[in-house]
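Each chain, letter by letter, is given below.
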Amino acid sequence: MENDIKISIKDLHKSFGRKKVLDGVNLDIKKGESLVVIGGSGTGKSVLIKCIQGLLMPDFGSIQIDGQETIGKTQNLHLKMGMLFQGGALFDSLSVWENVAFSLLENKHTPRNEAKVEAVRVLRQVGLAPDVADLYPSELSGGMQKRVGLARAIITNPEIIFFDEPTTGLDPIMSDVINDLIIESAKGLGATTLTITHDMASARKIADRIAMLYQGKIIWQGTVKEMDKTDNPYVLQFIKGSAKGPIKVEI
Amino acid sequence: MLLKQIEQFLRTLGRPLVKFLISLGQLTLFIIKSIYHAVMPPFYIKNFFGQVLDIGFYSLPVVGLTTVFAGMVIALQTYSGFSSIGAEKAVANVVLISVTRELAPVLSALMVAGRIGAAMAAEIGTMKVTEQIDALITLSTNPFKYLFAPRLWAGLLVLPVLVLFGDVIGIFGGYVVGVYKLGFNPANYINATIENLEAVGIISGLTKAAVFGFIIALMGCYNGYKSKGGAQGVGEATTNAVVSASILILIFNYIITEIFFAR
Ligand SMILES: Nc1ncnc2c1ncn2[C@@H]1O[C@H](COP(=O)(O)OP(=O)(O)OP(=O)(O)O)[C@@H](O)[C@H]1O
Ligand SMILES: [Mg+2]
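If you read the sequences in order, they're chains F and B. Count along the first sequence from 1, add 49, and you get the number used in our numbering. Count along the second sequence from 1, add 62, and you get the number used in our numbering.
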């Protein structure tokens, strides 16, 4: 049973100055599972992912991946991870295909022509035509940039993939294409995925399990079915998207 | 009452002082990390040559223009300051010394600081605030090796070449004014220049250039890397990179001169 856990987060704390963002997060993600974290804007969802990736140093707590403590030891950590950034974070000095094939070119030293073929294949997978490959990120729409970011995250078939708001800013049809892609990478490639989203339709579709982050803690977690039956007022308010309820929005 | 005032005084003095010490510590750490990663493989050769082109080739016109006018004006000034007896030798000598020791390295470095230091800080700052640097890390690539090391190496190695070019152009500027404006004999002027050519002047100038190049790249990378808060933060980083590089260039110019020439 223990061996089924891919990522185990225990009592994770992170503050910026006086501002407490994560205040004791406990969360386990099973191997091959698709976990979705929901929560309001600014509750620290991106910070949580960045702590797991070692991009931010937590103040306190433990993060284990495959049973190994990773805090402070990020060497080789990223070789098994892929990440789609909330803002895309494409390298604007590189063309689209060089972005997508970055890992192949720089880490695996794949010849450029082979790397390009592979990049074009993955670009097609995320719904982008081959002629996009030679454009630069600044020439793409926001949604296209997101898909390029997605292609860059999955090209190496990583064991763990993080998606930070993969469908935000996409039209509903493209959102569903991305949903299918996430499901495909999780189920098809056996990757463990952690997705952050506000898009409840997307969450329902891709999640094996949903966890809700509120005031620095995971206040609820369960399957989609359990979510539909829950009487947790925070979760109910978030699903309904209502301004009335226990979650107070500071205006 | 007095105690309170002293406390108040220390407080107002203390906060900036602590801030200054913290940023000094951060900078030191950054320098150590940069140097470590600059000498340890993997090396990103392609990025290095890209920077050589950016810093070196595209700076040639700026450096050429700066040094040619510097050489010209020195020739004119020297002539007006000397009696006409022996002016030929004096002008050639003063142009040579001031261009190779001071004007070419310092003026070129200041111009390059404005051009390259700003561009580097803006590029790296933008990469920082748009999470491209985070993205690099998640792609198992160390930003110190991929971004900073090529820039530091390029700064260190390219500036001396630029300055050597500036030396030649600056001396040529002096020659043009000497011969065409002041009516010196060309052969005599050239002979006087060659006679007075001294290794220490040129070497000290090139040493300065290497140090200045490193400073420019370092300030560009450092200020870019620590920028935060969107476009405004990047703008601040750009200004800081140019200002701090320029001041450091002038300070180190004195220090290196002292090392080479003080007796
Ligand atoms: N590097 C940082 N320095 C200071 N504060 C930060 C930093 N990163 C995040 N924060 C703060 O942490 C809080 C959580 O930010 P985070 O980006 O994780 O929110 P989020 O849950 O991802 O929100 P959204 O859904 O809008 O993306 C915010 O209040 C933010 O101001
Ligand atoms: Mg976020």
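Think of the hints as simulated: they come from the structure by calculation, not from any bench. We treat Cβ as the ideally placed atom computed from N, Cα and C, and that holds for glycine. Certain hints may be false.
What the hints assert, rightly or not - Once the Cα atoms are required to be at most 25 Å apart in a straight line, the calculated SDA-like pairs of lysine to any residue come out as:
#, chain 1, residue 1, chain 2, residue 2
1, F, K69, F, S224
2, F, K69, F, T159
3, B, K207, F, G218
4, B, K243, B, I159
5, B, K95, F, I120
6, B, K108, F, S64
7, B, K190, F, G218
8, B, K290, F, N156
9, B, K290, B, V191
10, B, K95, F, G218
To be verified - Examples of chain F residues lying across from chain B (beta carbon under 7 Å, computed):
#, residue
11, Q124
12, H127
13, M132
14, F140
Violations among the numbered hints
1, 2, 3, 6, 8, 10 and 11
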